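Chemist: Take the given structure of chain Y and dock chain C to it, following the hints.
Number of protein chains: 2
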Amino acid sequence: MGQILQGKPVALALSQQLKERVADMRRQGKTPRLAIVRLGEAPDDIAYEKSAIKCCRDHEVDVQSIVLPAGTGEEQLLAHLQAVNDDKQTDGCLLLKPLPPGIRESKAAEALAPQKDVDGITPGSLAHLCGLDIAGFPPCTAQACLEILDHYQIDAAGKRAVIIGRSLVVGKPLAMLLLARNATVTVCHSKTKDLPAVVREADIVVAAMGRARLLGAEYFRPGQIVLDVGINFDDQGKMCGDVDFAQVEPIVAAITPVPGGVGAVTNRVLLKHVVDAAQRVLG
Amino acid sequence: MGQILQGKPVALALSQQLKERVADMRRQGKTPRLAIVRLGEAPDDIAYEKSAIKCCRDHEVDVQSIVLPAGTGEEQLLAHLQAVNDDKQTDGCLLLKPLPPGIRESKAAEALAPQKDVDGITPGSLAHLCGLDIAGFPPCTAQACLEILDHYQIDAAGKRAVIIGRSLVVGKPLAMLLLARNATVTVCHSKTKDLPAVVREADIVVAAMGRARLLGAEYFRPGQIVLDVGINFDDQGKMCGDVDFAQVEPIVAAITPVPGGVGAVTNRVLLKHVVDAAQRVLG
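Protein chains in written order, with our numbering: chain Y, 2 to 284; chain C, 2 to 284.
Next up, chain Y with everything else stripped away, as it sits in the complex (with noise of 0.2 angstroms):
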């Protein structure tokens, strides 16, 4: 049986060293603040902006919500958006997204400074993971994998890993984590040929192409240690991930489940996110 990496512990323990960070802060006279700016009233957002609320207010960070109409223009979201940039109170800003049709996501991810871009979205983050020495911080869920493997001290160098899923906010993000963490990294995507004998080679598989319990036994092999990244509900609707838990689990050496793996780390990475933003505020 594999073993569980629950996330749960993971954000306890960051809770713990944040909780600290904080009070040190506030002794100090800063409060850390997070700016939340959603458009619409889509419940996805709704139920994700509640919840980096609550975490907010456990740790005492200050968390401001600035929410616009769905209709909201382009110029409206960039003039909303340099408005959170020259608010010097602000350390960092989480833009919900998906964006309204009619906003272009990269015009207000050039808008944004990346120095409060906590979710990684902006150019600057981008290139920051690429490794230009420049500010910017990794997109959370994709840092939430590295939390997790540290935690459970999984070191990646010289590992093969193997990503599946190229997106802009966790596979080709995480490339780049594992890459600097010295990882020889493999991503995958739905070209791939015969993707069970690649996914079969690596040391850490992270499955982020979001496809529900996609990922069966034929994928894998003992000694594997899994990050499912995947958030999906099936047909009954209940939640899962990319890989078949029930089938994989048994098979490999560790496996983060879902929920409660990888997703319950995301809003503690958030946090650090500002915390680390008010810091280099704080010099």
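Simulated from the structure, these hints should not be mistaken for laboratory data. Among the hints, a few may not be true.
No copy is singled out in the list; a pair is fine if it fits within one copy or between any two copies.
[To be verified] No farther apart than 25 angstroms at their CA atoms in a straight line, the calculated lysine to aspartate or glutamate pairs in the DMTMM-like style are these: (1) K239 - D134; (2) K194 - D156; (3) K192 - E50; (4) K108 - D134; (5) K194 - D151; (6) K31 - D156; (7) K108 - D88.
The model shown is predicted, which means the values in this text are computed figures rather than measured ones.
Modeler: Okay, now just chain C, sitting in the frame of chain Y:
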């Protein structure tokens, strides 16, 4: 015997396309223009600058050399780059690197406008390469590899590409370019275990670690396409690649020589980027 993927025919074909495009733009009253910024008198820089100037002149593209003393400070360099950004006549800018000590490359990279960044050094260009829909260019050497694949009608889609080297100018950008071409991409480096076995898995091998003839016969198998990006000098002062050409050429399906391979295409790619940048200005 492997097919020798000569760079010269690729360069000639690019030249012909570029000459037609430049003639067409000149008829519209626009001559593309490159600014080359050099700090100090390093012989490598001067040689590269000369070759770029000749290439521009051969294609009726305007070129301006901006030569600053080796002791130029960071702020002065940034002011010169800002002047290039502001100059409406200049379409592209090549900043010769490495920069002298005391000047942070990241600051120079941030200062240049991505629209003029014809060698792909800016955060915007890196983010563009990662897939963000903003202006930018790939580094010329990385793009030269794709031009060679295209010229010799080698389709990367569905193939396994293994890149050895993770630099910001070749390894990482090329990983992004080959992913965009639907290859399954693995990035290796000095910490990769059993490198020969990993390289033998590849359909397309890109050698970009800068170590003279490090890759011998044991890294290769029949059927592979080998792109050698290395430019090194051996103990006898002879230019050579990262691949031991004499050993490997008889084994593989095709291989680029050094000199005369990727390096013979790079300055045409630089020119292509200048013409692309000028085209965007024309609209």
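Chemist: Now tell me if each hint is right for this structure.
Modeler: Structure-based check of all given hints:
no.: 1; hint: K239 - D134; result: neither (43 angstroms within a copy, 34 angstroms between copies)
no.: 2; hint: K194 - D156; result: between (28 angstroms within a copy, 14 angstroms between copies)
no.: 3; hint: K192 - E50; result: neither (35 angstroms within a copy, 41 angstroms between copies)
no.: 4; hint: K108 - D134; result: both (23 angstroms within a copy, 9 angstroms between copies)
no.: 5; hint: K194 - D151; result: between (31 angstroms within a copy, 21 angstroms between copies)
no.: 6; hint: K31 - D156; result: neither (35 angstroms within a copy, 55 angstroms between copies)
no.: 7; hint: K108 - D88; result: both (20 angstroms within a copy, 24 angstroms between copies)
The structure shown violates the earlier hints numbered 1, 3 and 6.
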